[in-house]
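A.B. asks: With the hints as your guide, set chain R onto chain C.
Protein chains: 2
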Amino acid sequence: MTNEPKTVLIIGLGLMGGSYAMALKRKGHTVNCITLSKSSIDYALSRGIIDRGTTDIDEELIRSCDIAVFALYPHVFIEWIERYGNLFKKGAIITDVTGVKSAVIDKIQSLLPDGAEFIAAHPMAGRESSGVENADDSVFKNANYIVVPTEKNTEKAIYVCEWLGRELGFERITRLSVDEHDRMIAFLSQLTHCIAVSLMCANDDEDIYKYTGDSFRDLTRIAKINETMWCELFSLNKENLLAEIDSFMKQMTKLRNAIEYDDESTVKSMMRRSTERRCNFDKNPGV
Amino acid sequence: MTNEPKTVLIIGLGLMGGSYAMALKRKGHTVNCITLSKSSIDYALSRGIIDRGTTDIDEELIRSCDIAVFALYPHVFIEWIERYGNLFKKGAIITDVTGVKSAVIDKIQSLLPDGAEFIAAHPMAGRESSGVENADDSVFKNANYIVVPTEKNTEKAIYVCEWLGRELGFERITRLSVDEHDRMIAFLSQLTHCIAVSLMCANDDEDIYKYTGDSFRDLTRIAKINETMWCELFSLNKENLLAEIDSFMKQMTKLRNAIEYDDESTVKSMMRRSTERRCNFDKNPGV
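One line per chain: the protein sequences are C and R, in this order. For what it's worth, this note's numbering labels the leading residue of the first sequence as 1, then goes sequentially. For what it's worth, this note's numbering labels the leading residue of the second sequence as 1, then goes sequentially.
The following block holds chain C by itself, in its conformation from the complex (with noise of 0.2 angstroms):
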């Protein structure tokens, strides 16, 4: 890739988009958007964070990319390709920012005329928050971008799929086969959503912030959480997030008995294997 600036199309201009937008034309890059909501054209183009958008199937848009950015619901992804996929010129790479993968990669692939390319990948950055409005590419420094190929992938889609990834603003970049990546999400991400969504709807008490620490506060910031995404990413993914739950819950009962049964060297040996883990976590400062 050489550094010459791309014309890169996003498709669904929130949160996500809206912050790969605003890093991209930071780059010099022409960035172009197709999504539903007029005003979030209106917005971006206010702060300049695109140079065009429309929220029609604009094939001039369409065919004149390099790389094509979707930044929607996976069926909704699925839907668009099935409708629009042939429009992409011959050797554009179209990737995405879907939190789950087997469920979409191989159906992307499939679709895509001969020429443009999928190649998966899943910025492991966010808020709590949705809209172009709270966009900000400065979640990017810092974080961890997964690229996810398959032995369809071509070393130059890699390529280009990882090149985005450092022009993004992102610390640090690594490759994941598709079922590591989905395996790897559910523990990490999926996980620990629904133990913030338990947490939340196991106490009614309206004064509790009257009386918590940062760590209740931590725990759960990712209780406010966007129910039709994660619903659908939550099903897509049933199978590695129900095995990941009874795993977490296994452990978790473990150290319940363990509490009530008065077996101190059970509950002191489990906290100094989390204390080990999380104290090698820190090891890997910035990211």
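One or more hints might be untrue.
Note that the list lumps identical chains together, so a pair holds whenever it fits in one copy or between two copies.
Quick list of in silico lysine-lysine cross-link-like pairs, DSS-like style, CA-CA up to 27 angstroms [unchecked claim]:
| # | residue 1 | residue 2 |
| --- | --- | --- |
| 1 | K254 | K238 |
| 2 | K152 | K210 |
| 3 | K250 | K268 |
| 4 | K250 | K141 |
| 5 | K152 | K254 |
| 6 | K250 | K238 |
| 7 | K283 | K25 |
| 8 | K90 | K152 |
| 9 | K238 | K152 |
| 10 | K268 | K238 |
| 11 | K210 | K250 |
| 12 | K210 | K283 |
| 13 | K27 | K141 |
| 14 | K156 | K210 |
| 15 | K210 | K141 |
| 16 | K238 | K210 |
| 17 | K27 | K254 |
| 18 | K238 | K89 |
It should be emphasised that the hints constitute simulated quantities derived from the structure, not laboratory data.
C.D. replies: Okay, now just chain R, sitting in the frame of chain C:
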């Protein structure tokens, strides 16, 4: 309480004791300490955090204090009062930072001589590190401070304890009964630590830091845990903690089963409930 400088004795100069000392010295009070480690005293003296410190039971330091703050493990606190509680002067106010109350308050109140009064408090601030070297009174800013009076306490002692909370720089000072406190803390603090520990124990992949986003990092910050202290705190509040774990596991199981059986309406309604409650939480900024 007038604004004249007090003589405060800190017993146990670790992270919390040191942070108390730092805040109180800043306000012009005389701060003395009794602690096990000579090096902690040397450190605190060299930073000007305390006026005097000793590893001995210095009767003059004990007799001269207006306010004593105990920052010890619960059983050490009780043993200390058993042996030396009779040395406090008439009118001295004794307080603490202990994370559980029912197991401590009755014993301490019955062990103290007439005239010295114990009023329990729980500063909801801390760090995942220990030792006076990590003391930092800025953690009290924007934090909650809970006073836990019993019917044996005088209005004067409650007033002094609340004054101390303000003097330390806490943002919100509240009162809870012993039972309310121990139930509240089982949910807000002990359960969240159990979750973080169980989550770290559920996965032994050393590479997860390469792929994670902020949510997992925030959720497991408290997985670095002092196993001696927390094991004792869990044990002393066992009944409440087990009830909170069971209540959380019930919600987690409900969500898990709804995911397994594609019951979208239950998944989404739990997500909406958690979002609503967490938003209510955020309406109370700064604390």
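A.B. asks: If you test the structure against every hint from before, which numbers come out violated?
C.D. replies: 4, 5, 7, 17, 18
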